Amino acid sequence: MKRDYYEDVRLFKSGTILAWSVVFLVFLFTLPIYTPSYNIYLLNVIMVHVVLAVGLNILVGYTGQISLGHAGFFAIGAYGTSLGMTHLHFPFLAALVAAALIAAFFGFVIGLPALRLEGPYLAIATLGFGLTIMHIIGRWNIFGGRMGITAPPLDLGIPKSSCSWVIAGDVKIYYLILIITTLLVIAARNLMKTRVGRAFMSIRDDDIAAEVMGVNLTVYKTLSFAVSAFYAGVAGGMYGFVVGFFDPFTFNLILSILFLVMVVVGGLGSILGAILGASLITYLQYDLLKNVENLPVLGELLVSISRRWFTVIGLANFSGIALGLIMIAIVIFEPLGMFGIWIRIKKYWKTWPF
Amino acid sequence: MFESLLIEGLAIGACYGLFGVAVAIIYKTSEVVNFAQGEMGMVATFVAYHILSVHGMSPWVAFPVTIAFSVLLGMAIEFCLLRPARNPTVLGMIILTLGAEMLLMGLAGWKWGAEQKDFPFNLSLVTTHAILPGLAFNEWTIGVFALSIVIMTLLFLFFRYSKPGIAMRATQQNVNAARIMGINVERIFSITWGMSSLIGAIAAMFFAARSVLDPNFMMEPFMRAFAAAVLGGLTSIPGVIIGGMILGIVENFFGYAWPEWKPIVAFVLIILVITIRPSGLFAKHYVKKV
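If you read the protein sequences in the order shown, they are chains X and U. 354 is the number that this note's numbering gives the last residue of the first sequence; the numbers go up by one with no jumps. 644 is the number that this note's numbering gives the last residue of the second sequence; the numbers go up by one with no jumps.
Certain hints may be false.
Claimed, not checked - Here's a subset of chain U near chain X, in silico, CB distances under 10 Å, partners left out:
#, residue
1, 387
2, 442
3, 519
Said to hold, decoys possible - Here are the computed lysine-lysine pairs in the DSSO-like style, where the Cα-Cα straight-line distance is at most 27 Å:
#, chain 1, residue 1, chain 2, residue 2
4, X, 290, X, 2
5, X, 290, X, 13
6, X, 290, U, 471
7, X, 172, X, 13
8, X, 290, U, 517
9, X, 13, X, 346
Hint data in this document are derived by calculation from the structure and do not stem from the laboratory. Source: prediction; values computed, not measured. Beta carbons: idealized from backbone N, C-alpha and C, even for Gly.
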């Protein structure tokens with residue numbers, strides 16, 4: 001039970017959580033020593049998606065707005081960072097922040113119509129935004145058109161000068177991304193404990209009541225969109241360097257849906273949930289379900305089903321089916337997502353055996 | 355040139371309008387935007403394709419079977435997915451229908467593969483008939499216009515005179531009051547989804563005849579149809595058709611002038627309309643009560 005304000009705004013609820021967080025961070029920092037390099041690549045993608053899911057959760061889970069256009073912000077981040085480095089010769093971090101700020105500006109702009117919209121209308125408006133960004137990028141030559149662009153060397157110093165400091169290889173990128181991700185996740189958790197975070201949550205719970213209590217809806221709704229888009233921009237900037245090559249169709253509607261699924265599967269309104277959801281969905285999409293026919297029992301079963309009723313080539317679509325089933329199951333059985341399951345387990349064991 | 359662009363735009367617009375009506379019927383009754391609508395139509399079209407091309411049967415077998423299948427598919431989705439969800443939020447509903455979309459798309463890709471196919475459709479896009487002097491309509495256009503008029507008339511009669519139609523309107527106004535009046539609301543939802551799936555499947559077959567058939571082919575038409583529905587106002591069925599026609603004409607003329615920007619006209623339009631007049635051109639404005 002919380003007794004005063006400072007207990008409520010503390011970053012870590014108890015020493016135990018702090019200790020476990022430190023242990024987990026140490027584990028993450030030593031991880032490259034005992035895992036093969038393909039897994040490092042996967043971890044990089046997971047961390048990029050964690051940043052994005054945390055940002056999207058600020059918007060969807062904490063402020064209660066819906067966005068189906070986050071692939072658009074993600075694309076702005078990816079293209080902005082790469083182009084900032086190749087054309088303007090920015091160092092990586094400066095380009096990343098600049099691109100993320102551009103994404104945040106677009107988030108602010110999209111936040112303006114959001115003041116009047118809610119629910120499905122907002123979903124459609126953001127969806128339209130995401131698709132528009134995808135098409136615009138695909139048409140302009142500076143963005144590489146439909147052919148896509150290759151990310152420049154990841155340079156922490158000024159590119160093509162004496163003080164360049166190029167980082168190459170998945171492991172080094174892993175450390176860079178890990179530091180950025182950790183900082184952003186802590187920042188998000190911190191933000192939710194401030195006046196701004198509480199304003200977001202009050203808008204989610206009831207925007208009219210929030211307005212009556214003196215929360216400025218215009219400021220906080222657009223701010224929420226901007227912050228969320230900033231996170232998406234940072235994630236996009238890092239993503240470009242993780243995969244090395246991207247084209248406009250990387251950032252399609254399915255990706256936006258995937259992002260929303262991460263947040264919903266993980267648990268709305270919880271930073272931990274966003275991390276869990278992003279990890280699970282990314283692992284399923286990029287690793288486990290990619291070669292589903294090689295799985296021990298399920299794979300053989302699916303191949304035989306495919307032979308009998310479907311086509312074996314089409315089995316690659318299984319990840320879509322699995323994802324759809326997960327989405328449906330989460331809404332029907334566990335609307336709070338993985339975080340909800342965790343809460344229930346915790347509650348059960350708290351008073352065990354009673 | 356002007357006339358043919360206009361006719362073409364009107365025909366595509368009517369097609370968007372028909373599909374938008376499918377979205378609007380569900381939205382009016384259960385306040386769900388059915389993101390799976392496009393994929394429901396896509397699967398139904400694939401069933402028609404399967405009967406026509408793989409089994410080589412006549413269209414007189416294929417289309418009734420497809421129609422029946424689409425109705426059952428709509429009812430099944432309502433029964434299996436929406437009904438078990440207890441008091442879902444708006445976001446929950448969106449996730450649910452998006453999940454259904456992914457599921458259907460995955461199943462279609464699994465069954466029929468991702469490569470593009472030609473849909474054998476009876477009405478050709480090339481053969482034209484001059485119905486009015488000086489104006490050439492191709493068969494597809496005639497089919498769309500005829501079918502839109504038939505469907506709109508049937509819908510009007512259904513909602514105005516038939517008992518299920520009146521029950522449906524009552525459910526749209528107030529679910530609880532309708533329940534108290536003895537209307538089986540669950541059955542109404544089921545009928546709604548079946549009807550919507552049917553209209554969507556018909557529109558989807560027309561879209562497939564224009565473009566190619568693959569598991570993604572309904573994504574963009576769905577977006578445009580939704581734009582049309584929002585343009586006209588999601589709660590007004592004639593409004594949706596008119597919105598579709600406006601969108602079709604705007605898109606066709608815009609696409610003629612700047613072909614490379616044609617794909618984003620609908621999305622820019624949707625954002626503009628939603629921002630300026632969220633309730634659409636023909637619907638009454640809706641104010642949230644505390």
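Verification of the hints:
1. Because the beta carbon of residue 387 of chain U sits about 4 Å from the nearest beta carbon in chain X, less than 10 Å, this interface hint is met.
2. Residue-level restraint check for residue 442 of chain U holds (minimum Cβ-Cβ distance to chain X is 6 Å; threshold 10 Å).
3. Nearest Cβ of chain X to the Cβ of residue 519 of chain U: about 24 Å, over the 10 Å cut. The hint is violated.
4. For the hint linking residue 290 of chain X to residue 2 of chain X, the alpha-carbon distance of about 46 Å lies beyond 27 Å, and the restraint is violated.
5. Distance restraint check for residue 290 of chain X and residue 13 of chain X: the Cα-Cα separation of roughly 39 Å exceeds the 27 Å cut-off, and the hinted pair is therefore not satisfied.
6. The straight-line distance between the Cα atoms of residue 290 of chain X and residue 471 of chain U is roughly 25 Å, inside the 27 Å bound, and the hint therefore holds.
7. Of the pairs offered as hints, the one joining residue 172 of chain X and residue 13 of chain X is violated, with about 32 Å between alpha carbons and a cut-off of 27 Å exceeded.
8. Taking the CA atoms of residue 290 of chain X and residue 517 of chain U, the gap is near 50 Å; set against the 27 Å cutoff, the hint is violated.
9. At roughly 15 Å between alpha-carbon atoms, residue 13 of chain X and residue 346 of chain X fall within 27 Å of each other, so this suggested pair holds.
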